[in-house]
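Student: Read off the chains here:
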Amino acid sequence: MDILLAIAIMALGAVVLGALLGFASIKFKVEGDPLIEKIEAILPQTQCGQCGYPGCKPYAEAIANGDEINKCPPGGTEGVQRLADLLGREVKPLDAEEKPKSVAIIDENTCIGCTLCIQACPVDAIVGAAKQMHTIIAPLCTGCELCLPPCPVECIRIEPIGENIDNWKWKYPVVEIKAAATQKAA
Amino acid sequence: MLMNLFKFKGGVKPPTNKTQSVTLPIAQAPLPSRLVVPLHQSIGGVPQPVVQAGDKVLKGQLIGEADGWISAAVHAPTSGTVLEVAMHVQPHPSGLDAMCVVIEPDGKDEWIAHQPFDYANAAPEAVREYLQQSGVVGLGGAVFPTHGKLTPSKTVPMEELVINGAECEPFITCDDLLMRERAEEVVRGIGIFRDLLQPKKVLIGIEDNKPEAAAAMRAAVDALGEAFLVVPVPTLYPAGGAKQLIRVLTGKEVPASKRSTDLGVQCFNVATAYTAWRAIAHGEPVVSRLVTLSGNVHAPRNYEVLIGTPMGELLQLAQPHPDTDGIVMGGPMMGFLVPDAKVPVVKATNCLIAHSDRIFPPKAPEMPCIRCGACAQACPHELQPFEMYWFSRAKNFGKTQEYHIFDCIECGCCSFVCPSRIPLVQYFRFAKSEIWAREREKKAADTAKERFEFKQLREEREKAEKAEKLAKAAAAQAAKKAAEAAAAAAAESTAPAAAAAPAGEAAPSTDAAPAVAVDAAQEAKKAAIAAAMARAKAQREAAQPKNTEVLSSAAQHDVADIEARRAAAHLTDPEPGTPPAPASEKAE
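Respectively, the protein sequence lines represent chains A and B.
Note that our numbering gives residue 7 to position 7 of the first sequence, counting from 1, and the numbers run on in steps of one.
Note that our numbering gives residue 298 to position 298 of the second sequence, counting from 1, and the numbers run on in steps of one.
Calculated directly from the structure, the hints in this document are not laboratory data.
Positions of the beta carbon are idealized from the N, C-alpha and C atoms, including for glycine.
It is possible that some hints are incorrect.
[Said to hold, decoys possible] From the structure, some residues in chain B lie toward chain A, with a derived Cβ separation under 8 Å: (1) H88; (2) Q90; (3) S94; (4) L96; (5) F416; (6) Q426; (7) Y427; (8) S433; (9) K443; (10) A448; (11) K449; (12) R451; (13) R461.
Here chain A stands alone, though its shape is the one from the complex:
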């Protein structure tokens, strides 16, 4: 008799808890994968495709599915570091050369107005029309270099954004280590 009661209690508990869990899984369901969003927030959103994926989101998905974290040159070593922190993976050296933040510049004298770069720009940062001169909206340009290959007259170049008063940063204080005065042996 006792054993039946125990089984009944356990069964009841299982039913109640099961119902609770089932309810919770519907009520608190998370749409989409929050991990992908977190990864995407770390990626620099240049949409350059240098990682081999067509944009930052596909790469974020690939990372979540186990791809390497060191394929994003615009994110740099710091980006790899942050991804490693987020995912608990080991920091790896960047798969490519790290480039400084850059901006594309169209040589407007050479531009023939073919609109090919406009179609290539992932963030619509180029204005122009067919057979009209094109120009880059510099503040919107991510420096992804996707406009370089389609240009038939090679009038686009990538220039690094130098340091100026507006983006200058205070440097990390460096403790000067001075050579200790050499003591003469008495």
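Please build the complex by placing chain B on the supplied structure of chain A, with the hints as guidance.
Tutor: Showing chain B alone in chain A's frame:
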């Protein structure tokens, strides 16, 4: 009159070193050999240059137009010729260049036609705009455009207007001398601010180590019949910080996230009031300011200096000692060594200190933090500098923000008292600029993401629209074809079944004249294609750009050259949508 004063926590009492430079009255600095006037001298938008090399300018002529509401105009400090508008090194700790207008004075110092502004009959909006056009900015050091601070809050009534004459930093005496010698104009300037803001009380805070200035201000207030209160405040660094002075005089504490107008207080420097009055009453824009020359010099004194005067040249007036090895702009607490003696005096330059190891002995090396808490006791903002130091040093910027690093005013009290001689403020500046840089990057990334997603959306939509259009055209074509076939069948055949059959199935289902119907349909299709091609050709010809017709012969020659090259490279008339062949070659 006695007044109940409040106190702020912390603060330090460094040696004031003010007496050296107050013995002589203000002198006019001579005209320098050339003036380098930076365009960006205030917080906010960078003014756009309105002159170019070779232009003749008069004193007070506009050379940089304000860009946006938070921005202030820049004017020529003297008459002469513009030599260039170019990048020059700035009085900024970075030592980087920025756009400057270089003027060679003609020696006449001739004013542009100017007249007083009738402010009694002008709308407040017009007064604010006039002050912006006159380049009036906060001369206490922050150079925030003054007109931007002269709009009363709509929700909170303006209680107190605080005028800052505290001048708490060691060595600096330019506000002291200004109040002693030009108190009347300062008080009249305060009157303008009072009229615009309509506060209940006007409090002029002056540190009690400047009794002459306080007396002069009191006399001027009485003489003009104003009801302003001149309040001596205890000498304690940084009592001249806007937030500290507001705290001392009103007891109100302004949090970092709020502006003082939200609490019904506004604060201006005395020199700002003076320049505002000069602009209103005489029509003179801000082209000069008072600068204290002190430190390692023979003859410390205050000078009225034209904006753009090279600092090295100016400092010669005070006869620096031969062991001078640099110039500090600002005071010893918050100032910085300028990167080059060529840098110009700007609106923010209140003091130049000749630097030498004798008066500023080099700091002994930094030692480890012993968590003594001296910095926390000295901090006027009740922060915990030792905690912020740990996290800044470890580059744990999220934590520094939890410890309110953005409340830090970088006054330097913590570094001043630190027994381990840690350059705490440098760490905080580093952390702050890193956080700002990250914020900028995040913003740029968000914009890029948004634009990328929108572009994808647009491309999808365009594709869908195109497909829909094609489907519609195909359906229309099919219907037309069927109708034609039906008509042909009806005309040639007498079979009633064919005529009665539904139009859509007429052609395939009729046995009577299938061959004829198909033939007719094909003929119609061919004709339609030919017509469409003709239309497209006509359209293309009509759409030829007309921008090459008015070119010079040389340019037309160039165009012909390019066309010839393109023809040679088989680039001409590519099919729309397909990239020309050489492009794909180059991509590899």
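Student: Determine for every hint whether it applies to the structure shown.
Tutor: Hints versus structure:
no. : hint : verdict
1   : H88  : violated, 12 Å
2   : Q90  : holds, 6 Å
3   : S94  : holds, 4 Å
4   : L96  : holds, 5 Å
5   : F416 : violated, 16 Å
6   : Q426 : holds, 4 Å
7   : Y427 : holds, 6 Å
8   : S433 : holds, 4 Å
9   : K443 : violated, 11 Å
10  : A448 : holds, 4 Å
11  : K449 : holds, 4 Å
12  : R451 : holds, 4 Å
13  : R461 : violated, 14 Å
In summary, the numbered hints that this structure violates are 1, 5, 9, 13.
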